[in-house]
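Number of protein chains: 2
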Amino acid sequence: MENFEFLSPTRIIFGRGVEQRVGEEAKKFSGKVLLHYGGGSIKRSGLYDTVAASLKSAGVEFVELGGVQPNPRLSLVREGIGICRKEGIGFILAVGGGSVIDSAKAIAIGTPYTGDVWDFWANKAEPKEALPVGVVLTIPAAGSEASNSAVITNEDGWLKWGLNIEINRPRFAVMNPELTFTLPAYQTASGAVDIMAHVMERYFTDVKHVDLTDHLCEAVLKTMINNTAIALARPDDYNARAEMMWAGTLAHNGLLNTGRLGDWASHMIEQELSAIYDVAHGAGLAVIFPAWMKYTFQRNLAKFAQFAVRVWGVEYDFEAPERTAREGIQRLEDFYRRIGMPTRLGELGIGDDRLEEMASKSIKPWMTTMGNVSKLTRDEVLEVLKLAL
Amino acid sequence: MENFEFLSPTRIIFGRGVEQRVGEEAKKFSGKVLLHYGGGSIKRSGLYDTVAASLKSAGVEFVELGGVQPNPRLSLVREGIGICRKEGIGFILAVGGGSVIDSAKAIAIGTPYTGDVWDFWANKAEPKEALPVGVVLTIPAAGSEASNSAVITNEDGWLKWGLNIEINRPRFAVMNPELTFTLPAYQTASGAVDIMAHVMERYFTDVKHVDLTDHLCEAVLKTMINNTAIALARPDDYNARAEMMWAGTLAHNGLLNTGRLGDWASHMIEQELSAIYDVAHGAGLAVIFPAWMKYTFQRNLAKFAQFAVRVWGVEYDFEAPERTAREGIQRLEDFYRRIGMPTRLGELGIGDDRLEEMASKSIKPWMTTMGNVSKLTRDEVLEVLKLAL
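The listed protein sequences derive, respectively, from chains A and B.
Reading the first sequence from the start, the letters are residues 975 to 1363 in our numbering.
Reading the second sequence from the start, the letters are residues 975 to 1363 in our numbering.
Careful: at least some of the hints might be erroneous.
Identical chains share a label here; the pair holds if one copy fits it or two copies do between them.
Below are the SDA-like pairs computed for lysine to any residue, each with C-alpha atoms no more than 20 Å apart in a straight line [stated by the list, open to error]:
#, residue 1, residue 2
1, Lys1002, Lys1349
2, Lys1017, Phe980
3, Lys1002, Asp1353
4, Lys1360, Ser1334
5, Lys1002, Pro983
6, Lys1268, Arg1284
7, Lys1002, Asn1274
8, Lys1268, Phe1155
9, Lys1277, Gln1161
10, Lys1017, Asp1211
11, Lys1060, Arg1318
12, Lys1006, Glu1301
13, Lys1017, Leu1206
14, Lys1268, Pro1295
15, Lys1060, Gly1325
16, Lys1060, Arg995
17, Lys1182, Asn1213
18, Lys1017, Asn1213
19, Lys1182, Asp1210
20, Lys1360, Glu1053
Calculated directly from the structure, the hints in this document are not laboratory data.
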């Protein structure tokens, strides 16, 4: 087990109706709030009205900035920073999923910084202060509601880069599973894939003696496998939605990699995919992760066999553990198909014409290989992408 | 699943050598610290010197209060409050296990309070402020290093009562598994029983649809079962000690009962046992918990069968699930015996002469029954105690 530090300082407020309390929670931080959200779905669902009423009744003044897109854009972040400075905003309330939260995090660290906010993503500066951020979560997927991570897309070059730093963690997350009843099936399934990927990025490690976190990872994966199918069959099943929502937070708040090192190659490869083709992150991961597994499983056969046995109930083949490991990957692919996710690039309408470009871009300027454990070269990333065809 | 709020604000600093950083961590809170500890073991082991040197080199002044006993006493808490007030202490550093930490928590809430600190345990007042507390953990057991709980024994009537309140949570916990290498086998095993009991108190609930936390509980239990045996066979096995130590924290920081209600009858019964006979808390739990299980398992047969199958690998008996449930309880008892723990009162030298007194005292003045799920009357507690004979 590796040494670690762990602090998850986000207050989780979870259950039916909790979004009605957001005004009083926001007021603990500031009387002037930036209300940040995406498209019109929160207006259609009535959530916008609930949040606005809660803020007003708590005596909190707010300025709005909607329009966050999936794969949130740097230009809107810059606009938000301008608003926060001009209006003297003291707190950012993100109402939405990971894109909205990530955008809010970027505005939060950009506002007190004198340089350009992209400096933080380009490794040119480190954020020292931030406006506090709160969340009303509507999509269980990215885990951004309690994570230290923010992924922003710079339209200048379509660079989709992540920044993982403790100051990014929200102060509270208001999580009502009922708000997810209306998520379309495709988005529900994409979210499930993203959550499972967050766990698996941590699970497949070379660090030995990580029993507890292995078992915790398996707990979250089994929960997701059981409950995603239920939520797709019955979108208003409160308990299945609740399991997915809480699993999504725990998958990415750092608990599951205490004492271990994650890999993250699949995430980095997928980021290039969705930066170029603008596919849903989860759908991209459903294609890339199994391909990465097929390329790398022989480097840590024991762990992939364990994954098959403990997560999928595959019977261990004592004479041919490789067969066990392969069966685990197959079960994962089968599951993705069952929940309506693609498992090949072709299903996303992506051919082989820009694989070289994606492989090159996935190795960031400050890296020589990619992935903590798998340490893929650019040519190996290309092989992974070919396995995804 | 029940609505919940969850925040675990304790910074975990985990790994080899981390106790050397305690001075700099303490200094973030105050330049004047109460160094609180138990007997002489931290002096014999050299930990006292390491901590003192770390405080000095960080420029932190400290006053000492040693002498915390197992089942920490109210009289020492009062003495600590007097010292903190007189010396203008701004931070309490607990170096030890659960008893030392609980004593520190009590001093922390008692110092700024104008009345008598026992008021908080007697439900006469609620603490509104507290000195910040930090921990250097030496015994994985109570989970007090990140919990909201503090159990204090009032010598006037030998009342051993717990207080669970958010303000009790320490600000940081420094956790080096190497510090536990020298724990005697009996204390290692008692700690393991305590940790497992913290999980099982939460696991056996009537709340339905708690998949994720069920699986998380099972993850911690399986980890404890695997690693306790290793640590007993090889006391200096870093990884086994590390798994137990981190499991002990997660068992009791509140994560495992998000969305569910725990029971806690076994803990409350055991508190009377150790208040009267001063037995190790874990050893008492090894006797009481199986007795409680035997008395109550038919009230939630499905959960007890699940425990047997998922935690102990018992094959489910589809025709007689009761047999499966009984087998799970038997496996738990077998495990306790294997790690050198008692499973009957007689092994603790306790006869049947004071069972009535313990049963009566376990129902606190403000309660009519005992245990959230099991809701035992005084006469039923007596039956549990008889099953423990």
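- Query: Hint by hint, which ones does the structure fall short of?
  - Reply: Of the numbered hints given earlier, those the structure breaks are 1, 2, 3, 7, 8, 9, 10, 11, 12, 13, 15, 16, 18, 20, listed in rising order.
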